[in-house]
Amino acid sequence: MSRREDPSVGYVAGSLIAGVFLGGVGGGVAFPTLPTLGSVLGISAFTVGVILSINRFTRLLLNAPAGQVLDRFGTRRPMIAGFVLQAAAPLGYALGLHPGWVPVGAATVFLLSRGLWGVGSAFVFVGAFSTITHVTTPDNRGKWVGYMRGGQSLGFPTGLVVGGLLADAYGYEEAFLTAGGAGLLAALVAAAVLPDLRADVAATSRLRDLPGLVSADVRILSVGLVNLAVRFLFAGVLLSTVVLYAEAYGIEIGVLSSTGVSGVVMAVSVVGASVTTVLVGRYTDRLSNRALVTVPALAVLAAGFGTLALVPDLVAVLVAVALIGVGVGGTNPPLLAYLGDVSPAEDVGKLGGAYNVFGDVGSTLGPLVALPLVTTIGFEVGYLACAALVVGVGALVAGTLLGGSTRPSPAVETDD
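The working numbering applies: residue 3 is where the sequence shown begins, and numbers increase by one.
None of the hints are false.
Simulated DEER-style distance windows between Cβ atoms:
| # | residue 1 | residue 2 | range |
| --- | --- | --- | --- |
| 1 | I255 | A193 | 40 to 50 Å |
| 2 | F75 | Y13 | 14 to 24 Å |
| 3 | V371 | A250 | 15 to 25 Å |
| 4 | E175 | T110 | 13 to 23 Å |
| 5 | L289 | F48 | 42 to 52 Å |
| 6 | L367 | V313 | 19 to 29 Å |
| 7 | V104 | V52 | 10 to 20 Å |
No lab work stands behind these hints, which were simulated from the structure alone. Where a beta carbon is used, it is the ideal one built from N, C-alpha and C, also for glycine.
Just need the whole structure built from these sequences, with the hints factored in.
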């Protein structure tokens, strides 16, 4: 591994975690603010929906190319560029509040800005995995991947809260400028701290070889499919149907409506996932095979969906979504560290990009499938089907990932 300095894992990883957290804040600020801005700026509800989703579509297209760039040119410059683009997005939102300042309409400004966030997040998310993988060893990779994913998990909901509170207290522009400032701070920290890491090989695989790389090793393909399924169930099915579930069963918390209840439920699941992510990552460093921890985690995930299906009352729902969060936190981050263990050093970025492609496909398909599904067959059967899908995923893990220990990946020797 070539680099300009011998970085401390904690120093580099800590700055990286702060960066992905602050970037997530900028992404989350959009959701409580843009829907209400639509009527103010004359943007249709459909266009607002396109604006909110364009970043995910953009990232879906760019995850793999971003990985190729990171493998070829190193991690430092692409990641700094990604942080800058993430910071530019909320600053663009602020510009969109003043349509007279630019020669295009407000909707176009918001659409382009949200697309910029998608481009930036592709480089930041894939680059974070690539950097953590390169500066760690199999002895400490699980811990730092867990911390990194925990920062990603908490950044977005923090942005939801920050965006809503700042918009209420001071106004939309102040909320957007604060998010942009946080993103610029992340870029400055990255510029000051991130080393330039790349594999010590003459050439990396070509981007068009990526499907072959994924399919050639059943472990890599299985990790991607598990990520697709878990993101489909969590970011897709649960988060898109929980408000309808609360409304259908009359679940209330004090004076909160079904929308308010769904917010609490989402928060419980995200906190459960984030806490488990941090704790489980460190534990997997003690195992010969990190995938061993995913089997009980998937059992917890299935139990969560089963509880939602069979016991539709407030206490059971809170327990169920906490179980789902724990199951998600105990499944995906350990498998991401597992991917770092088994990936060839020269293709870490591309395979990290492929992992994110699987996840984005799952979270995009989830709402498209879940909403008509629960309308047609009901929540009980729908959530039981989700539990059955988790059982199938567990069988995939048992059949492809549990045989033997993972082989070490070439990495930087470091004092942790």
